[in-house]
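Hints are included, so try docking the two chains, each in its own frame, into the full complex.
Here the protein sequences line up with chains A and Z, keeping their order.
In terms of our numbering, the first sequence opens at residue 1 and continues consecutively.
In terms of our numbering, the second sequence opens at residue 1001 and continues consecutively.
Since the hints were made in silico from the structure, they are not lab data.
One or more of the hints may lead you astray.
Using C-beta positions, here's what the derived DEER-type ranges look like [as the list claims (entries may be wrong)]: (1) A:Ala336 - Z:Ala1280: 38 to 46 Å; (2) A:Arg59 - Z:Ala1428: 47 to 55 Å; (3) Z:Glu1341 - A:Gln257: 58 to 66 Å.
As the structure is a prediction and not an experimental result, all values here were calculated from the model.
Beta carbons are placed, not taken as given, at the ideal position from N, Cα and C, and that holds for glycine.
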Amino acid sequence: MAAPLPPLVITGASGFVGRRVVDALRGSDATDAAAARAVTLLVRDAAAFQRDVLPAAWRVVACDLAREAPPAGAIPRGGIVVHLAAATGRLSPAVMREVNVEGTRRLVEACVAAGAAQLVFISSIAAAFPDRRWYHYAEAKRDAERIVAMSGLPFIIVRPTMVFGHGSPVQEGLERLALGGAPIVLGSGRVQVQPVHVDDLARFLVALSEHRSEAAATVDVGGPDRVAMRTLLARMRAAHSLPARELRSIPLAIPRQLLALAERIVGTRLPVTAGQLASFVNDSCAQPSDVVERLMPAPRHLGDMLHEHVAATKARDERPGIVGRVASLESGEQLAREFAVFASYLGSAAPGARAAESYQRTHASIAPPSDTFDRWLVALARQSPMACALADAYARLARPYGTLRCKLVLTLAVLESSPALHRQYDTARPSGSVVAWSAIVVAGLGWMGRSAIAAMLLAPLQLVARCVPDAAPESPPSETSRG
Amino acid sequence: MRHPVARYLVVGSGATGVHFAQTLLDRGESVEMVDVGFERPIAPLPDADIDALKERLPDPERYFLGDRGEAVVYPAPSAKPYGFPPSKAYVFQRPSGVQVQERGFAPLASYARGGLAEAWTGGSYELRDEELADFPFPASVLRTHYGTVAARIGITGAADDLQRFSPLSAPYLEPLAMDAHSAALLQRYESRRDSSHAAGFYLGRSRVAVLSRDHGGRKSCGELGRCLWGCPRGSLYAPSLTLAELLTHPNFTYRPGLLVSRVLLGPNDRAVGVEATPVAGGSAVRFPAERVILAAGALATTRIYLQTLAADGRQGVRLPGLMDNRHVMVPFVNLRRVGREVAMASYQFHMLAMGLDTGDWRSDVHGQISTLKAASVHPIVHSLPFDLRTSIKIFRRMRSALGVANIWLADTRRNANVAFLQQMGDGATRLTLEYGDEDHDMDATHVAIERTRRGLRALGCIAPAAMVKILPRGSSVHYAGTIPMCDAELEHSSRGDGSVRGFPGLFVVDGAGFPWLSAKNLTFTLMANATRIASTID
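Bound conformation, chain Z alone (with noise of 0.2 Å):
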């Protein structure tokens, strides 16, 4: 069957993808979106919070454990103090034909309905001018699109210490309450203000997707405590909400079940389309299109790209600057709040943020604080230096206490982080991601560590250095670098409006096209520069 020839074709509907897609149709353009989108379950009893949604399931063991108990945490070296429930297992769903190989790297991967960002914790934060210094447009253009994209998908935000590190241009919408333990924190804070400012350590609220009134069909926060296992009511943005209104669109076309393999190049190189595989099996498929825009996010576009280079006869090619955050969990206890109420009931995720400032914008820590609410606790209980029926105990003791510090390190493209193909004895291909200097920032992680505890020890907190994780490269699920933006004519490189040199017809509009890594999270610029593109293609 020949498919009609689509003006814009979008791969993956992820973060940029969607914002990508819904610029264009705002625009009167049509859109078609191929896809594999694994689906999201419906979340069970939608106005139970996390306390009667145990009581009131008929499985609930079944629910917050899994089948086959896949979401127990087990005392291991390296284990997380949390683990992915069932119910967030569609967003690491891997098709059969994706074989990836990593070294020194241990990314996570989605091929979900709205991608990566269906399993993140919300954080959005405009980046400062200077740390857009190295993206080939100017940086005040990008302030427009945080606006539109804020405006769509609604950011909670307050004018606060952080706005040294992340300006505040976009419409936001008015913070949750929030949780007696962050509170205190930050109470504590500004009376202390001037000599943390003199350490180089700020706190103020953490910018957040999630809604503290209604917008548009989605509701208001409920303080559910359900956050992790997936909100019911909409509050904490995702992107396959906004995929479910791309869908209602009469210019707007999506086919799921397909992993798009290679772009299709004609005369010239131009991309005149792209090859897909049925995830369910069978033939490939070929969807011809005027534009093809590659949202894959950055692992996945860079396969694609790969393999498009690979079936023309360019194999070898080694793509440099893969980047992704150093991430490190410092977890504390507030030792004035042993033995308080907890309020299981409330908005899971982090109320506040911290930054570190460095004297270099470019090396300056951002972090994020969540004090602990909801959550499976076992994971935490066994990490206790102690027997477990005497963990139990002290746990609830200290529960009121507890909380973690999520803090990141930026990146920069180094010529030893790579992404290549392997080529398997089968005649398919794998995608290699060689991280290969792993240590190169192990010095300022340490000193931000360090700093990290002093900061949270003038709030009054313990952070026991044994306690801290630094966790292996890929966990940051801030991926990018690969094919990036550059004024410079370089080949595997693309132009500010997301183009790929040597190509015509071809973009990139997510991570891969980033030529710098910030500490801040990622996903509010990736969708304000996928929106960006999308208002200026033609």
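Bound-form chain A, shown alone (with noise of 0.2 Å):
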């Protein structure tokens, strides 16, 4: 029988990464030794794991290291630590280090009083980026390395490069970037990237939890695929089925210091700060490293990582089920008063009961609001007619793919499959040439005319949004991230 594992830490389990180190975990429990180890989660929020059927030599302990020291017992003695729990993205620098400065630091004195046999401690490769101008984030994680690697406990800190795969805000954002209609490439796009998948991540992690080394070490931890971040912006394309474009290239040296400037009047309010594109002017490569060769063979290629991606969103997009739970929030009275308004918009002023069922029936295909501000757009259209052209002329520049946009698209496919209805919305509208062409110049102009409008209108809105924690019932767990 195969020695007991020695108990395990982990903070953050409810983030991004964490998620997925909890769900390997439990996938490794194929060993007697795996299956009886004693894990303690250590979360900012219990709730996180109500649902979660855990094994049962797990516990869930509740412990905001922002705020105060991890309750007695929590650490148990001989125990190894994986600290994943960080503040990241567009926070301020003193929540960036009350979290991932002093959070860490309540850890680790937590962990000597406990006698922990080895603390793991996830940073960044932003910590090592040569420029870290205004990038609180990387300055905290470079303050936090500083703290763990002077602790005088055993230790390995951990720089993970770009984290890809479901669920990554990094992946995300570069793919805002790269799919839109002219795409563009922030900086010089010759920086070099190397991203990891956040599963292979995972499953590092619980290895190197499960491989107690005494030496104090620092490793990189990179996918097997080293490109340009022009050429990663372009795959992310082709993964897409998009056509090839060149991409603009947006100089960054001076934004990066009007946000800067910006940052010290309004905040974090605004939608990036100057330190979150240091990542577009700093390599984010990983060194070779004999231990992550060892615990992390075949890491995922660049070109599945992407793909995977496009096969996991399209599989949320399509997914039946998502939408019961959207059906659930919105009763049929609701939907068929929305269906009224969205077809009156389109053009249908008595569109019958049947459609206004079928819409309803079917509605249950559509994903639900995202955040905030798609929630806002769909409670603006279904006010009046006028008020939706305006949500959809905004929705169709800054949300194309939103549940407003959804909504309009299922209605007209609805309108178009329904007798006596159809032939508005599936039939050609001849006329001789010149009459045609005069009708879409001035259907043009009407839709430059409304979309100006609803800029004016709806993006200060958007902006206000982003300040609006999302409320939504059916939105994903928490990131490790306090924003």
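Quick look at the structure:
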């Protein structure tokens, strides 16, 4: 029988990487030792695991490291601690320090006091960036690394490169740059990147927690492929079957300085911070490491990561089950009213009861709103055909794949299939060539006017929406980020 | 229960299976066919055109969109301008026992009566002699069988500029009358023939397995505009029509509802039957046979072959050479056609085909041009760059001017593209398909796109680069190459007569046996090749 594995403590278990580590641990219980291993999930909000059926030897302990030390007994003597909890994204320097530096200090002190056997600290490749100006996250991770290194505990510092996988904020952010009609790359696009898949990283961390090493070390973890940022964005387009486009380069020197200045005035309400742009001016590549090669054999190639993400996105969009959740939130009466307004906007003032019933029945095929603004757009569009026109004009520009567009497309699909109504949609409107071109120009001008008004009214609303917490019941579990 | 020993046991009822079986029956042999065989639903209101269908069906929204809206194409970066209708769901239904993992490859598979060709658009093109150079039999032999198949199924075609890419040796029916937009494109091409040819761009009538006159029990095209939803007249050929004829033959036994898992091997690895699992559940059933013919489609045949090896103790075999045509959609607007009328009730699919001469027959590009007639319009409307109401207005004005060129590139067998079995935790296996060098033909693809756009421009059309879609590998539905026919005595290959090396009595007659993949639609050649093998098998 295999020797028992030391107890394990994981912080940030409800975050993007943490969830996958938990999944990898549960998937590795093929051996008796793994199944019997005592695991403590140290999380800010214990409710995140309320619905999970955890193995008998596991426990969930609530602790907000930004405010408090781990409770007594949370860290067992001889245990291995994997510290994933972190603040990421658009947060103030104070919050970054509070969570990433002071939180790490509290955890380290608790580990020393409890006699932990080893601390595995998940830092970031950004901690090694030569240019970390205004990047409070990178500075905080660097300071936290120093605390870990000075702790006297056996430690391993892990610096992942860009972490990809379904739900990856980095991957989704880069896709937004790559997939538009006019794709852009920030900076020169020549910086080198080496993304690693979140499941490979999770597998590595689990393996690391099972192979305790006395030697202190700092290891970089990256995937097998190293490419220029410009190449990465081009491959993202190709994975989505979009035509190749020249990526327009946006110089970053002045915008970074302006953003840094603006942040002093408006704080973190801007869509992006100067620090977050550091990834576009620094290489994000991993130094080779024997430990990584040994414990993370055959990591996913970049092509697989991109195709997997496309497939997962498609599956999410097409999953009928997801819709039941929307349907349950929106009553039949509400959907019938919504359909009447949308149909009127699209030109059918009295679509009929059966068409409305079809809309309600098939509405379950629409994914739920992804955030507050998506929800606001739908709410606005429901008010009247005119409000719907404004919301749609803006949605086409800012949320082309959002919930409102999907609802309107479903409305159109129902109308083009309905008796008596379909000819307004599925047939040609013949005329002389001059009349046809004139009508197209007039329609285009009307669209431009509506879009301009919609942008003036709704762009500020979109900025405001960024500051409002998303209270949607169907939103995914929160990241380790406190944003 | 012990089943009698079949002389010929065919696995699969797709394009190759039914023509293989019919040829044997014509020879006076007996044939048994084992198949999953999900059935095609009966087309409602067979005499109604698309417009009347929407007016007269009791619940047209359910017919066109599905119970749960599964035929609605929502906005997404990779959204296609069309979706498969609920009436074709049976084509892509997958039995629960089949597990497939794809990497860099998104194939479609079918377990329906008639297989994938139940959802094809009928493109039927003979290969040139040189395109059969890699096949281990004389090209002239296949001509006879192209003729046999064309006579069976009915293919329309015309002697035109496309003969340089695809001969017209078989008996072809006169083409259908063209829709106004297609006719305008062809007329403009003819007025600029010389300059188009100088640019290597050729246009002509597409060769289509659709009837322009009645044929047996099938009626000629009634121009109902219902091709995509399932032709109710049997005008557009589908292998299930041949299967229906086979079912009336006294020497034909059809065993549906069975998923073949492996070939049973006897002494000296001789094929002695197949083992199949009832799709509805239950224990495995064995069907003894003197000869086993795998005609389940390239991917399903590959699965059965690998599972046969695994059951024989040969796990871990990787079959290189998986092929699939690169598929690109190039939408266009014919500026001269804006504001015209559109006859919705007409043959819905392509009426024109194109070829790009690259100077090397191996890399010539093949394409089919469809003008927009009857269609679900919402996928097209929401792809326009305006709000939805404006998009509808502009779409209706431009509807008569819209079309799409679907182009395909040839593919070759390469070691990076493999099929193998992966062992699952529960003891089951999963077919894994890896297309490892997805990007190898991107340069050629971009050149083909640009040349197609230039060719369309010469016809008065604009094809916006932003609208071009390079589809994911696997979209062409032309799969081949895992157990290739060749003269060399290689492991995991087949001979010119379809027999698999190392397994006496086992034959592969579908795309798995193809050693090279032309850019042209594969199905006609698949049917002719299966007929060729069946005509000589002992």
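Cross-check of the supplied hints:
1. A:Ala336 - Z:Ala1280: 38 to 46 Å: Because 40 Å falls inside the window, the suggested range holds.
2. A:Arg59 - Z:Ala1428: 47 to 55 Å: Since the Cβ atoms of Arg59 (chain A) and Ala1428 (chain Z) sit about 35 Å apart, the hinted range of 47 to 55 Å is violated.
3. Z:Glu1341 - A:Gln257: 58 to 66 Å: holds (59 Å)
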